[in-house]
Structure formats: structure tokens, C-alpha cells
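Participant: Residue strings, one per chain:
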Amino acid sequence: MKYNEIAVLTDIALITCIVQRGKADDIVRAAQAAGASGATVHFARGSGIRERLGILGVAVEVEKEVISILASTDHVDHIFEVMHKAAQLDTPGMGLMYVTPVEKAATHIPPEVLERLRGKK
Amino acid sequence: MTSDKRSRLITCIIPKGNGLQTLEKLKSELGLLRAHVHLARGTASNAPKALHGLVEHAEKETLEVITDYADADAIFAFLFESLHISEPYNGIMYMQPLGRSTGYELSELPGTADPV
Numbered sequence: 014m015k016y017n018e019i020a021v022l023t024d025i026a027l028i029t030c031i032v033q034r035g036k037a038d039d040i041v042r043a044a045q046a047a048g049a050s051g052a053t054v055h056f057a058r059g060s061g062i063r064e065r066l067g068i069l070g071v072a073v074e075v076e077k078e079v080i081s082i083l084a085s086t087d088h089v090d091h092i093f094e095v096m097h098k099a100a101q102l103d104t105p106g107m108g109l110m111y112v113t114p115v116e117k118a119a120t121h122i123p124p125e126v127l128e129r130l131r132g133k134k
Numbered sequence: 118m119t120s121d122k123r124s125r126l127i128t129c130i131i132p133k134g135n136g137l138q139t140l141e142k143l144k145s146e147l148g149l150l151r152a153h154v155h156l157a158r159g160t161a162s163n164a165p166k167a168l169h170g171l172v173e174h175a176e177k178e179t180l181e182v183i184t185d186y187a188d189a190d191a192i193f194a195f196l197f198e199s200l201h202i203s204e205p206y207n208g209i210m211y212m213q214p215l216g217r218s219t220g221y222e223l224s225e226l227p228g229t230a231d232p233v
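Residue numbers (the numbering used here), protein chains in the order written: chain A, 14 to 134; chain H, 118 to 233.
Chain H extracted, bound-state conformation:
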């Protein structure tokens, strides 16, 4: 088992809808496989308020990506631009150090050119 003690975890909390296509982009453009998406609900203090002053809960997607230390900043910038994080109401992203992480290898399936 190989494990990297200097990996980083990049987490993006984004509006629902872009998670899966970003996963595909990470794989096709950067060759990254250590990523997943799950659903969540979120609320923010600057979110539009409903009629009775209650903060609106919105469906979110949480995209988590494990990267090597050397590539972390570049992948952070890639996701920042791909997900348009700088625009209002487009979410937030952050990076955390990881104690340990493993690689994720996929074997070639017979008869397929590009393993999923």
C-alpha cells in the first residue's frame, strides 16, 4: 500500500447541477480520479430571504478532490475557474491538509478503450 502524507483535500460547495460534469472534466483534462460528489443542502447569510424572513435552503453539491501536494494550487485554480466561484451565489471552496491518503487505480476492462 502506498500512501501520501502530503496530500490535500479540496472541497467545493456549489449549486446543484455542475458536480458530475466537473468530475468528468477533472478526469478528461487532468486525469484525476480521486474525486466524488454528494448532495447537500446549504444556507448562507447573503442568500435571498423568503417572504417571512427565513433564510432559504438550497440544494447543493459537495465536490471533494484529493490531490498531490505539488498539484494542489493548480487544481485549486482550475476548479475556481471551472465552477465560477468568484461570481455571486456560486459557492465556496477550500483546501485542507490530509494526514494520509491512498492512490486510486482502475484496471483496464477488456474491450474498452477508456476505463470509467
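Extracted from the complex, chain A is given alone in its bound form:
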């Protein structure tokens, strides 16, 4: 398939959120309520927080969940803020989140949507 036959999506960004294991589902639910169309979650292991917090570090789960959400650049700020609140990221040890640019994305686009988009051009 030639590259110019693929309908690509632009103006997309990737939100990555790293939280303690067990917290991802609530954050994903909040993101979807805010307009995110999907999410992917995988496991990871973190380091550093226990060394810094000392005895208090036992309260922080070393096992992590990494949430990846693609969002349009129009909505990424709103979804980011909703996730920030749901994940309580302003509390030390709860996790971190960042946004990275996406050059292009491709997925199934229903034919009627594709025709509508082509008609707009």
C-alpha cells in the first residue's frame, strides 16, 4: 500500500500518565468522560521514590501502571487537567504525566466519516 493512500490523522498528541498500580482504571474513566476516545495501560516498575521518602516510602507502590491516551490537540489540555485531578498528581508520590507530540496517526476511519472529511476539503 502506498503511503499516500493511507488516511492519516494529524494534530494529535500523546498523553502518558504513570501512576501506582491499581489507579489506572479510575483515571481512564475520567479521561473518557472528558472526551478521550481510548486508552492503553501497561505495567511498569518505578524507582527512586522510596529512597527519597525513607520510611514513608512504604506507602508508595513500586509497581506502576502507564496510561497512554491519544487526543486531538484541541482537547489535550482539558483531558490533561481532568486526568491530573483524577490522579491527584499534585500529591507527592502519586505519579507524573506528560504530553508528547505525534507526527501522524492512522486507524480505522468509517467510510461515511472519510467521505465527509474529503467533502470538506
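Rather than coming from a laboratory, the hints here were simulated on the basis of the structure. Because the structure is a prediction, the values reported are computed rather than measured. We put the CB at the ideal spot given by N, CA and C, even for glycine. Honestly, I wouldn't trust all of these hints.
Reference listing, derived: stretches of chain H covered by chain A, where coverage requires no fewer than 3 residues with Cβ under 8 angstroms from a Cβ of chain A [to be verified]:
#: 1; region: 149-161
#: 2; region: 193-204
#: 3; region: 209-218
Cut-off 30 angstroms, straight-line C-alpha distance, at most; resulting in silico cross-link-like pairs (DSS-like, lysine-lysine) [as the list claims (entries may be wrong)]:
#: 4; chain 1: A; residue 1: K117; chain 2: A; residue 2: K98
#: 5; chain 1: A; residue 1: K77; chain 2: A; residue 2: K117
#: 6; chain 1: A; residue 1: K117; chain 2: H; residue 2: K144
#: 7; chain 1: H; residue 1: K144; chain 2: H; residue 2: K133
#: 8; chain 1: A; residue 1: K77; chain 2: A; residue 2: K98
#: 9; chain 1: A; residue 1: K117; chain 2: H; residue 2: K133
#: 10; chain 1: A; residue 1: K36; chain 2: A; residue 2: K98
#: 11; chain 1: A; residue 1: K77; chain 2: H; residue 2: K133
#: 12; chain 1: H; residue 1: K142; chain 2: A; residue 2: K36
#: 13; chain 1: A; residue 1: K36; chain 2: A; residue 2: K77
#: 14; chain 1: H; residue 1: K142; chain 2: A; residue 2: K117
We have chain A; now place chain H onto it with these hints.
Facilitator: Positioned in the frame of chain A, the structure of chain H alone reads:
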């Protein structure tokens, strides 16, 4: 150490089952070694809903491939076709610029024709 400042990262989030054979294809057909697969769980707004209206979580595989800038579009198209991304419920893929990346060389093992 050589590093390429113009590489691209192609990420494919696909239903579980095709990741490893796609890795093999990337190696055998395109000679690509800078790729890996890991498991994930995913949810999408258009996924089939379970009985109580909860969105179904499904096992996914995340395939990540690092490519040179010059080959990025061709590899993107190759993966789009190999993984049937255009079909419903077959996942999504995206490309991101990388700040820096390294190569990945494998040495020949004695007595083997094709290094793993």
C-alpha cells in the same frame, strides 16, 4: 557511539496475537532490529460494551519500532498494511519524532547462519 537525531518512533497498539510475527516480518523482510513488543490492556469508546454498559477491556500488544527518518513513511505504510489497521477493531498506530536514538547491532554467533 553513533546517534541519530532524526529518527522516528512508530507505535502500533494492536489486538493480542500478531506482535511477534510482525517483529519477525520486520526483521526478515526489512532487516529491522530496533523493534519490540509488550503487552497492555486497552479500551476504546467504540469497543463492544458488556452487559452492564461497562466498556470491555481487551488484551493488546504494543509494537514499537525505531526507524531512520528516510524510511519512516515506508515502514509506516508497511505496518499499516501488515497489521490491517484500516479494518475495524484492529488498533491504531502513530509516529513520533525522537530526540536521539542509537543503532542496534548484533554480532554473529559462531556456527549460526542468521543471528537472532
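Participant: Are the hints correct? Go through all of them and say.
Facilitator: Against the structure, the hints:
1. 149-161: holds (count 7)
2. 193-204: Since 7 is at least three, the answer is holds.
3. 209-218: Check passed, 6 qualifying residues.
4. A:K117 / A:K98: 28 angstroms, holds
5. A:K77 / A:K117: The hint holds at about 28 angstroms.
6. A:K117 / H:K144: 24 angstroms, holds
7. H:K144 / H:K133: 20 angstroms, holds
8. A:K77 / A:K98: Holds - the C-alpha atoms of K98 (chain A) and K77 (chain A) are around 18 angstroms apart, at most 30 angstroms.
9. A:K117 / H:K133: 23 angstroms, holds
10. A:K36 / A:K98: Given that 30 angstroms is the threshold and the Cα spacing comes to 13 angstroms, the pair holds.
11. A:K77 / H:K133: Status holds; Cα separation ~21 angstroms.
12. H:K142 / A:K36: 36 angstroms, violated
13. A:K36 / A:K77: Holds. K36 (chain A) to K77 (chain A) sits at ~9 angstroms (cutoff 30 angstroms).
14. H:K142 / A:K117: OK: K142 (chain H) and K117 (chain A) at ~23 angstroms, within 30 angstroms.
Hint check: a violation occurs at hint 12 only; the rest are consistent with the structure.
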